[in-house]
Amino acid sequence: MSTVKRLKPRLTAILFRLQFEEQLNNIKPDVVSVMAACEELRKSTTFSQLLQIILLVGNYMNAGSRNAKAFGFSISYLCKLRDTKTTDLKQTLLHFLADVCQEQYPDVLTFPDELIHVEKASRVSAETLQKNLAQMGCALKTLDKDLETFPPPQSDRDMFVEKMTISFTTANHCQSNLKLEMMHNNMEKQYSDLGSYFVFDPRKISVEEFFGDLNNFKNMFQQAVKENAKRRESEEKIKRAKLAKEKADREKEEKQKRSQQLDLNAGQSICGRGVGQSVCGRGVGQGARGSGCPWERSGSGLTKNIVFSAVRSWCTKQSQRCKKLS
Numbered sequence: 001m002s003t004v005k006r007l008k009p010r011l012t013a014i015l016f017r018l019q020f021e022e023q024l025n026n027i028k029p030d031v032v033s034v035m036a037a038c039e040e041l042r043k044s045t046t047f048s049q050l051l052q053i054i055l056l057v058g059n060y061m062n063a064g065s066r067n068a069k070a071f072g073f074s075i076s077y078l079c080k081l082r083d084t085k086t087t088d089l090k091q092t093l094l095h096f097l098a099d100v101c102q103e104q105y106p107d108v109l110t111f112p113d114e115l116i117h118v119e120k121a122s123r124v125s126a127e128t129l130q131k132n133l134a135q136m137g138c139a140l141k142t143l144d145k146d147l148e149t150f151p152p153p154q155s156d157r158d159m160f161v162e163k164m165t166i167s168f169t170t171a172n173h174c175q176s177n178l179k180l181e182m183m184h185n186n187m188e189k190q191y192s193d194l195g196s197y198f199v200f201d202p203r204k205i206s207v208e209e210f211f212g213d214l215n216n217f218k219n220m221f222q223q224a225v226k227e228n229a230k231r232r233e234s235e236e237k238i239k240r241a242k243l244a245k246e247k248a249d250r251e252k253e254e255k256q257k258r259s260q261q262l263d264l265n266a267g268q269s270i271c272g273r274g275v276g277q278s279v280c281g282r283g284v285g286q287g288a289r290g291s292g293c294p295w296e297r298s299g300s301g302l303t304k305n306i307v308f309s310a311v312r313s314w315c316t317k318q319s320q321r322c323k324k325l326s
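Residue numbers 1 to 326, in UniProt numbering, belong to the letters of the sequence shown in order.
Be careful, since some hints might not be right.
[Unchecked claim] In silico SDA-like pairs for lysine to any residue, Cα to Cα no more than 25 Å straight-line:
id, residue 1, residue 2
1, 43, 253
2, 189, 51
3, 69, 85
4, 120, 202
5, 141, 183
By construction, these hints were calculated from the structure, which means they are not laboratory data. Remember, predicted model here, so these are calculated numbers, not experimental data.
Please construct the entire structure, taking both the sequences and the accompanying hints into account.
Structure follows, in structure tokens:
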């Protein structure tokens with residue numbers, strides 16, 4: 001090993017060649033994700049409509065204050081909608097907006113489906129991308145310079161320059177890196193245009209921060225929709241249980257009233273008959289034969305207590321009549 005000239009540059013070049021494809025495949029998806037997310041945001045009609053609804057609600061709530069009649073708001077405020085709560089602290093402004101969209105603008109609820117690359121873009125660090133691209137470009141330039149200035153081989157077995165030159169020429173490493181740099185430049189331009197569209201400074205708000213706020217809002221909005229659905233289901237169950245209880249109470253009350261009315265009618269009927277009549281409306285002699293016995297009226301709606309009372313009253317009257325006759 002000690003006899004190999006320029007060992008460190010050789011090893012560095014070999015390592016770079018082995019890692020080039022891996023680095024390329026790590027950077028390219030991040031660039032594509034940010035570009036796709038920028039395009040999705042510009043083209044999403046449902047998200048644009050949601051922002052209009054939020055602005056309308058905000059202006060209504062701020063009527064009469066210095067923040068009234070605003071023309072727009074920062075995307076970073078989307079995540080703060082959850083901080084504004086109702087007086088009973090059971091709901092937030094985000095839940096209210098989700099309810100409004102559910103009832104009046106149901107299409108808006110599908111906006112997450114139009115922003116599928118936002119989550120991936122939220123994990124992209126533009127600073128890291130720039131650093132990795134710069135390192136790759138610097139490594140390629142260093143390798144190209146080393147291959148040009150490498151001393152002639154002292155042995156036929158030393159084929160480092162030849163192999164490395166063929167490898168990089170055949171694999172088009174320089175062209176691949178150049179293409180990736182062009183994609184990165186296009187990504188930066190799209191993000192800058194997005195800053196103009198949403199009125200923010202792309203130099204102060206990073207890609208990771210911007211799409212991170214959007215992704216958090218998207219997740220919170222979806223969670224609010226689920227919580228609203230769960231709350232409505234719970235309220236519906238309580239409402240059904242309340243209606244069922246009220247119905248049962250009404251039926252019970254009506255049943256009691258009917259029973260009381262029957263008892264009252266039966267009592268009035270018994271008290272209103274003459275001395276010589278039985279409970280069943282027959283004469284004294286008929287009652288003794290059993291056809292006029294009050295027990296036979298037990299199926300006509302008279303309760304047991306009334307029947308017993310009627311029997312006692314009938315027996316008393318018959319006894320008194322017999323005494324008078326005797």
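Structure-based check of each hint:
Pair hint residue 43 plus residue 253 does not hold up; C-alpha atoms about 63 Å apart against a cutoff of 25 Å. Straight-line distance between C-alpha atoms of residue 189 and residue 51 comes to about 24 Å, which keeps the hinted pair within the 25 Å bound. With a CA separation close to 22 Å, the supplied pair residue 69 and residue 85 stays within the 25 Å bound. Annotation: proposed proximity of residue 120 to residue 202 holds, straight-line Cα distance about 18 Å (limit 25 Å).
Restraint check for residue 141 and residue 183: satisfied, since their Cα atoms lie roughly 19 Å apart, inside the 25 Å limit.
Going down the numbered hints, you'll see the structure goes against just number 1.
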